[in-house]
Amino acid sequence: SSGINAEWPLRPGLTEDSYNSFILLQDKLHQNIGRERSLVSIGTHDLDTIQGPFKYHALPPPEIKFQPLNQDTVMTAPQMFDIFRKNYLKPYLQIIESSPVYPLITDVNGTVLSLPPVINGNHSKISLSTRNIFIEVTAKDRKKAGIVLDTICGAFSEYCTTPHTIEAVEIVQADGSTFSSPKMGSRIEEYDSAELCLKSGIKTATPEQLADLLTKMCLRASVAGEKLKVEIGPTRHDILHQCDVEEDIAIAYGYNNIPQVLPDLYTIAVEQDVNKLSDSVREELARCGFTEVLTFSLCSRDDVSVNLRIPEAVGGAVQISNPKTFEFQVVRTTLLPGMLKTASCNRNMPLPLKLFEVSDIVVKDTLTETGTKNYRYVCALFAGKTSGFEVVHGLLDRVMLMLDVKDYHIQQTSDPMFFPGRGADIILGTKKIGHLGILHPEVLEKFDVTLPCSVLEFNLDPFV
Amino acid sequence: MSLDLQVLNHLASEKELDTLQYAKENSIDHQKLIGAIKSLLALPGEYIKAEQKQISSWVLTNEGEDFMKNGSYEYNLYNSVPKDGILQKDLMKLPNSKIGFSKAMTLGWIKMDKKHENGPTIFRAVEETTDVVKDVLSNIQSKNPVPDKSVQDLKKRKLISSSVTKFYSVSKGEGFRTDIEKPEADLTADMLQDGTWKSKNFKDYNFTAKGAPVVGGCLHPLLKVRTEFRRIFLDMGFTEMPTNQFVENGFWNFDALFQPQQHPARDAHDTFFISDPQMTPKEAFPPGYLEKVIEVHEKGGYGSTGYNYDWKIEEAQKNILRTHTTAVSTRMLYKLGQQEKFVPTKLFSIDRVFRNETLDATHLAEFHQIEGLIADRNLSLGHLIGVLHAFFKKLGLEKLKFKPAYNPYTEPSMEIFSYHPGLKKWVEVGNSGIFRPEMLLPMGLPRDVNVIAWGLSLERPTMIKYGINNIRELIGPKVNLNMVQANPICRLDKN
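Chains as they are written, first to last, in my numbering: chain A, 1 to 464; chain B, 1 to 495.
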C-alpha cells in the first residue's frame with residue numbers, strides 16, 4: 001500500500017494548514033541546517049506562473065530588476081536591499097552584499113524566481129490555489145542542500161496527486177555534466193541483531209520484534225538470518241551510525257519500559273584537593289562571622305583596573321570579543337569588584353558588613369594550552385563605621401592558623417588601591433600571594449560604597 | 001514614706017486594712033491607695049492578701065448637683081410666686097416651670113385660681129416652706145441616713161444614681177515583710193558566690209518574646225546545595241574532575257564531542273568568544289588524535305557516515321568561555337582512552353559554564369552545571385536509568401519518566417522528568433544520554449565501552465527548593481544578605 005490515510009484531504013493541493021506548515025518547515029530548515037541561510041537557502045514557486053528551463057547565474061546588482069515578494073513595484077537589487085536593511089531580511093544581506101555579482105534564478109523568459117538567499121520574486125509566489133510547486137535549493141554545502149531538498153520533498157509529497165511522487169529536475173552543471181535532483185535515495189544497512197539491542201538495554205527482544213520496532217519508526221526493517229536489514233530513506237539523514245538506529249529501537253520500545261539495573265562497578269571516590277580545601281576554608285571563614293557571597297565571573301574592564309586605581313591591570317585580563325554589555329567585557333582577575341558591588345547593594349544591612357568569597361579568577365598565561373589560567377582566590381571584606389583593618393588582619397592570621405601555616409608575614413605596600421600607609425602584601429616564605437588593606441576612598445567612590453572598607457585577598461593554590 | 005510601705009507598716013501592727021476606711025482616715029486618694037495595693041500584689045512572693053469587695057452608694061447626678069447649687073425647681077418656682085399671685089402664663093415662662101409647677105402643686109405649696117378675672121392665676125398656698133429635696137440630697141451627699149421612700153423618689157426623678165465602689169480588704173500574706181525587695185532579673189555569679197540566690201525574688205521571664213538574635217557568619221545557599229550534590233556523587237563512588245579552567249577551545253568544547261563546526265551552538269550569539277588570547281596554538285592538540293577527529297567529522301569511519309563537510313582548524317583553535325563542563329569530561333575520557341589498560345571509571349563535576357544567550361528572570365550569562373558519567377563495558381540505557389533513579393532518589397525524587405531528546409554528542413538521549421511532591425507536578429530535572437561512538441572511538445576507548453552521562457543545572461533545583469523566582473536573587477551582588485543568613489540547612493531529600 002502507498003500508506004494513504006483515508007482521513008487525509010482527498011483533494012490534492014494545499015490547505016491553509018498545510019500551506020502554513022510548508023512555510024514553517026522552510027523557516028526551520030533555514031535557521032538550523034541552513035545556518036540562518038548562510039549555508040543553504042530555499043525558494044519555492046508556483047510552477048504554473050513560470051516556464052523552464054531555469055537558469056542559476058549571477059549579475060551585477062544594478063542589472064537585477066524585479067518585483068520582490070510582498071512589494072508593489074519592480075526595483076533594482078540595490079533599491080530593494082535598502083528597504084530590506086530596515087526589516088527582518090537585514091541579517092541575510094551580508095551573506096552576499098560584498099560580492100560584485102548577486103546570485104539569481106530566472107526562467108526561460110527572464111522572469112526572476114529568486115535572489116538567493118535573500119528574497120523570492122512576487123511573480124511566482126505560492127498561494128492556496130497553487131497546484132504545481134517548483135523547489136530550488138541553493139547552498140555552499142552540497143550535502144546539506146541535498147538533505148534540505150529531500151526533507152521538503154519527503155514531508156510534502158503526500159499532498160501530491162499521486163501521493164509521495166514528485167517530478168525530478170535535470171541539472172546541467174557549469175562543466176556540462178548533468179545529474180538528477182532530488183536524490184531521494186535510500187540505502188540498506190545491515191546490523192547484527194544481537195548487538196542492536198545491547199545499548200538500549202532491552203535484551204529480551206527477538207530479531208523479529210526489533211524489525212517491528214524499527215519499521216514503526218519509519219526505518220523499514222527485515223530479518224536476514226542473524227542480521228537485520230534496515231532501509232534508511234531520504235527523510236532519515238539523521239542516521240549516521242548504528243547508535244542512531246539503536247536510539248530509534250529504544251524510543252519505539254518506550255524508554256519507560258526499559259528495565260532499570262545498577263552498574264556493577266565498585267569505585268572509590270577521590271575529590272579534587274583544591275575543592276576540598278576551598279570548602280574547609282569557606283567553613284572557617286563562616287565560623288569567624290563572615291557571610292558568603294557568590295558573584296559573577298564576568299565584569300567590565302574598568303572594574304579590574306581603573307576602578308581599583310590600577311589601570312595597567314587590564315592587560316592581564318582575558319577579554320571577551322562579543323560582549324552584549326560592558327558587564328561582560330573581561331573575566332575577573334580579582335574577586336574585589338563583586339565584593340564591593342555586593343556591599344553597595346546591601347546598604348540596609350546592620351553594620352559592620354563582613355563578607356567573603358572563595359572562587360576562581362582567570363588571568364592570561366602564555367605557558368598554558370589556551371593561554372589562560374584559573375586561580376582559586378580567597379577574598380574577605382569588612383565595611384563599617386570604621387575601616388576594620390585590624391579585623392581583616394586578624395582574619396588573615398586566623399585563616400593561616402587554620403591552614404597550619406607559620407611561614408608568612410605581611411609587609412607594607414604602596415599599592416595605589418589602598419589608603420596611603422594602610423596596605424600590605426602577604427608574603428608566604430618569600431613569595432607574595434596576596435594583599436590586605438584599607439581601600440582608597442576613590443575606589444569606594446567608583447563602586448558607590450559609602451563606608452570605609454578593609455579587604456583581604458590571597459591565592460589559595462599554594463596551600464593545596 | 002511611699003504608700004506601699006505605709007500599707008505594709010500598717011499591716012505590721014494592725015491585722016487588717018480596709019482601703020476605703022484607711023483612705024478616709026488618712027486623707028489619701030482612694031484610687032492612689034488601690035494602685036499601691038495592686039503594685040504590692042504584683043510583687044513575687046505573697047507580701048499581702050487582698051480581698052476585693054464592693055459597696056453600693058448613692059451619688060448625685062448632674063441634675064442633683066444642680067439642685068444642690070441652685071435649689072430645686074419646685075422651691076424656686078414657689079419663691080417666684082408673689083404675695084399677690086401671678087398669672088399662670090407668666091409663671092410658666094420661668095425655666096423648668098413645668099416640672100416645678102407640677103411638683104409644687106403636688107406638695108400643696110401653691111394653688112391655682114382658674115376663674116380669676118385676669119386669667120388663671122397662681123397663689124401661694126402656704127406661707128413658707130423648705131426645699132425638702134435639696135435637704136435630702138444634702139444628707140445623701142454627706143452620707144447621712146435617709147429614709148428609703150425619699151431615696152426612691154429622688155431615684156425616680158433621676159437626681160441620684162447608684163454607684164458601686166470597689167475596695168479591698170487587705171491582710172498579711174505568706175511572704176509578708178515590711179520592706180520591699182526589688183525582684184531580680186537574672187541569676188548572677190555574685191549571687192552564687194554569696195548564696196543570696198536562695199533568698200532573692202526573681203522577676204517572671206517573658207517566654208513569649210524571641211531570644212537575643214545570634215549574629216554569625218554563614219554559607220551561600222547555592223553553595224550549600226552544591227555541597228549536597230558533591231556529597232551525593234562522592235557517596236556513589238564518583239571521582240571529581242578538575243574543572244578549574246573557564247577558558248576552553250573549540251576543539252575540546254565542540255569538535256572532540258563530534259559536534260559539527262556548522263552547528264548553531266557555535267555561533268556568536270550562543271557562545272562567548274575570547275578576543276585576547278584569541279586562539280589555542282594547533283600544536284596543543286594531540287597530533288594523532290587531531291587527525292582522527294578531523295577524519296570522523298569529514299569522512300566518517302568507526303561505522304559512521306560522518307558529516308561530510310570541510311573541517312577548519314581555525315574553528316577548533318578559537319578560544320571560548322566553556323559552554324558546558326562536558327569539555328572537561330571529554331578531556332578526561334581522552335586520557336582514559338590513551339591508557340594502556342582500560343579501567344572503568346565514574347566521574348563528576350560541578351562548576352561554572354557560560355552562555356551568551358538572552359537574559360531573563362531565570363537565565364544568566366553564567367551558571368553552574370552538574371555532570372556525572374560512568375565509563376564501563378556494555379553499559380546500556382537500562383544502566384543509565386538505574387543510576388538516575390539512585391541519584392535522584394537522594395534528592396527525594398522517586399518517580400522518574402524519560403522522554404526522547406537530542407544532543408549532538410549523545411545518542412540515545414533522554415530528558416529526565418520527575419514528579420515533584422511539593423509542587424505536585426512533573427518537572428524536567430535533567431538531560432542524559434550515551435556518548436556517540438564517533439566521539440569515543442577516536443579517543444582509543446575499546447569498542448564495547450559505553451559512556452553514560454547526565455547533567456542538570458545547580459541553580460534550577462535550588463530555585464525550586466527555596467521558592468526563588470528571579471535568579472538574580474540567588475547569585476550576584478543584588479542578593480539580599482538577610483536571605484543568605486536566614487537560609488536553612490540544606491536537606492535535598494526532604495521537601
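It cannot be assumed that every hint is accurate.
Think about it this way: if two alpha-carbon atoms lie no more than 20 Å apart in a straight line, the pair counts; the simulated DMTMM-like pairs of lysine to aspartate or glutamate are [said to hold, decoys possible]: (1) Lys478/B - Glu327/A; (2) Lys276/A - Glu315/B; (3) Lys478/B - Glu459/B; (4) Lys224/B - Asp273/A; (5) Lys227/A - Glu357/B; (6) Lys393/B - Glu284/A; (7) Lys324/A - Asp270/B; (8) Lys312/B - Asp141/A; (9) Lys335/B - Asp192/A; (10) Lys324/A - Glu340/B; (11) Lys224/B - Asp244/A; (12) Lys90/A - Glu315/B; (13) Lys203/A - Glu295/B; (14) Lys299/B - Asp238/A; (15) Lys403/B - Glu415/B; (16) Lys143/A - Asp238/A; (17) Lys324/A - Glu357/B; (18) Lys182/B - Glu46/B; (19) Lys140/A - Asp267/B; (20) Lys324/A - Glu366/B; (21) Lys335/B - Asp238/A; (22) Lys478/B - Glu445/A; (23) Lys224/B - Glu271/A; (24) Lys299/B - Asp141/A; (25) Lys276/A - Glu228/B; (26) Lys140/A - Asp448/B; (27) Lys324/A - Asp267/B; (28) Lys364/A - Asp276/B; (29) Lys140/A - Glu16/B; (30) Lys140/A - Asp310/B; (31) Lys143/A - Glu298/B; (32) Lys299/B - Asp244/A; (33) Lys143/A - Glu295/B; (34) Lys312/B - Glu369/A; (35) Lys65/A - Glu36/A; (36) Lys403/B - Glu369/A; (37) Lys403/B - Asp238/A; (38) Lys140/A - Glu459/B.
Worth flagging that the hints you see were computed from the coordinates, not collected in a lab.
Index of numbered hints that the structure contradicts, given in increasing order
2, 5, 6, 9, 10, 11, 12, 13, 21, 26, 29, 35, 36, 38
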